[in-house]
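Protein chains in written order, with my numbering: chain H, 1 to 154; chain P, 1 to 154; chain L, 1 to 154.
It is worth saying that the hints were derived from the structure and are not from the lab. Check the hints yourself; a few may be wrong.
Copies of one chain are not kept apart here, so a pair can be met inside one copy or by any two copies together.
[Unchecked claim] As a list, the in silico DSS-like pairs of lysine-lysine whose alpha-carbon atoms are at most 27 Å apart:
#1 Lys79 <-> Lys20
#2 Lys120 <-> Lys89
#3 Lys101 <-> Lys33
#4 Lys101 <-> Lys79
#5 Lys101 <-> Lys87
#6 Lys79 <-> Lys120
#7 Lys20 <-> Lys89
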Amino acid sequence: MNTADQNFDALRLNLPPAPKPLGVYKPCLIDGKYLYVSGHGTVQDDGSLIMGRIGDTMTAEEGKLAARQVGLAILSTIKTNLGSLNKVKRVIKVLGMVNCKPDFEKHPFIINGCSELFAKVWGDDNGVGVRSAVGMGSLPGNIPVEIEALFELF
Amino acid sequence: MNTADQNFDALRLNLPPAPKPLGVYKPCLIDGKYLYVSGHGTVQDDGSLIMGRIGDTMTAEEGKLAARQVGLAILSTIKTNLGSLNKVKRVIKVLGMVNCKPDFEKHPFIINGCSELFAKVWGDDNGVGVRSAVGMGSLPGNIPVEIEALFELF
Amino acid sequence: MNTADQNFDALRLNLPPAPKPLGVYKPCLIDGKYLYVSGHGTVQDDGSLIMGRIGDTMTAEEGKLAARQVGLAILSTIKTNLGSLNKVKRVIKVLGMVNCKPDFEKHPFIINGCSELFAKVWGDDNGVGVRSAVGMGSLPGNIPVEIEALFELF
């Protein structure tokens with residue numbers, strides 16, 4: 001069985017730089033065997049953010065890719081702070097927040113962009129936790145997706 | 001003292017079918033003595049969803065009933081996955097998310113539809129935890145209420 | 001080193017009355033070494049709530065002060081229920097929910113009003129946890145900010 005780091009390498013995706021806090025908070029925090037991860041945004045390889053509102057300036061497909069980018073930003077925070085994705089045993093919980101028009105209805109489709117990435121890295125059982133995927137009124141810097149998460153560590 | 005299952009039976013309410021995931025997540029996840037429950041929607045007895053926006057196509061009273069239906073869907077997930085409501089010791093946390101017009105102000109009234117159900121099942125102390133009841137910009141499939149929860153198990 | 005209570009006293013700020021639940025929930029709940037705190041609103045010294053929507057009837061600066069007031073309400077709940085702020089070891093997680101116009105982008109700035117208060121009370125390390133700062137569609141009673149939190153106790 002491959003490790004999480006090996007699984008990620010096989011995807012041939014780039015990790016963006018681990019985002020620096022935009023306010024008074026920590027990007028992640030370890031409490032015993034738990035890793036809490038702050039709400040992450042759509043950080044790209046050059047450090048800039050994907051911006052837009054789904055159903056308005058952005059399609060659902062673009063939104064799903066944006067959610068995958070948020071997942072990559074979370075992976076980058078884990079790798080930068082813990083040294084390896086292998087330190088994570090499993091995903092416990094994901095809160096996927098979508099910046100979209102009030103009549104948008106496909107939030108689960110959007111957040112799958114992140115959840116499918118986690119499932120590829122940690123596997124179909126350990127990489128999948130509980131989740132809520134919901135529509136916000138707005139998000140910081142007009143990013144289309146923000147995701148916070150809770151992981152169990154080895 | 002009655003058990004949670006006995007308390008629920010005394011309410012003479014139907015449990016809807018336990019909802020299947022609409023994306024890459026688990027309906028619930030056990031971690032030690034904790035049960036994490038994904039965001040649940042307004043699943044009815046025939047498996048269909050109550051849809052609508054509170055303050056727009058739906059009254060507050062209808063919204064409160066919809067929140068009770070979300071509570072029933074959560075009970076169904078617990079019963080299906082754990083076999084009995086008696087496995088739950090107490091409610092720790094509820095996040096109640098309301099799909100409503102921007103000028104709606106009675107979110108706590110809506111989410112009480114779920115919280116009052118939990119209080120009847122597990123009692124006025126163990127059935128009541130911390131809570132936030134807030135207004136979203138939108139919810140999946142235009143459901144009026146989505147609720148996620150954390151329980152402590154025996 | 002000063003205690004949290006001493007740090008708070010040095011700020012010369014008033015604690016509002018601990019808010020009573022507006023629905024079926026507990027203001028806070030202790031589970032082992034964790035303190036869960038319900039979503040709190042902008043309770044003022046006379047018990048009334050600051051109301052308004054940021055970017056609409058309220059400026060960002062007013063919103064940041066409102067978030068500080070929410071932080072004070074949380075401190076009041078802790079002091080009322082645990083007797084002292086010294087019982088808290090550290091902030092684990094904050095969810096900062098902002099009631100604002102859809103085009104508002106400075107949510108982290110708003111929620112810093114609460115986070116900076118916590119950092120002054122429990123210090124720059126223990127007083128700072130993970131966080132999400134996001135925009136809601138609406139909040140109960142049209143309050144501008146609602147914040148829920150998780151603390152670790154000594």
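Consistency of the hints with the structure:
Taking identical chains as interchangeable, the C-alpha atoms of Lys79 and Lys20 lie at most 27 Å apart only when both belong to the same chain, with a minimum of 14 Å there against 33 Å between chains. For the identical chains of this complex, Lys120 and Lys89 are intra-copy neighbours only, at 13 Å inside a copy versus 34 Å across copies, given an alpha-carbon limit of 27 Å. For the homomeric pair Lys101 and Lys33, neither the shortest alpha-carbon distance inside one copy (38 Å) nor that between copies (39 Å) is at most 27 Å. In the homo-oligomer, the alpha carbons of Lys101 and Lys79 never lie at most 27 Å apart, since the shortest distance is 34 Å inside one protomer and 35 Å across protomers.
Proximity of Lys101 to Lys87 under the C-alpha cut-off of 27 Å is found in neither arrangement, the shortest distances being 38 Å within a copy and 40 Å between copies. Proximity of Lys79 and Lys120 under a CA criterion of 27 Å is satisfied intra-copy only: 16 Å inside one chain copy versus 30 Å between copies. Taking CA atoms no more than 27 Å apart as the test, Lys20 paired with Lys89 passes in both settings, with 25 Å inside one copy and 25 Å between copies.
In terms of the numbered hints stated before, the structure departs from hints 3, 4 and 5, listed from lowest to highest.
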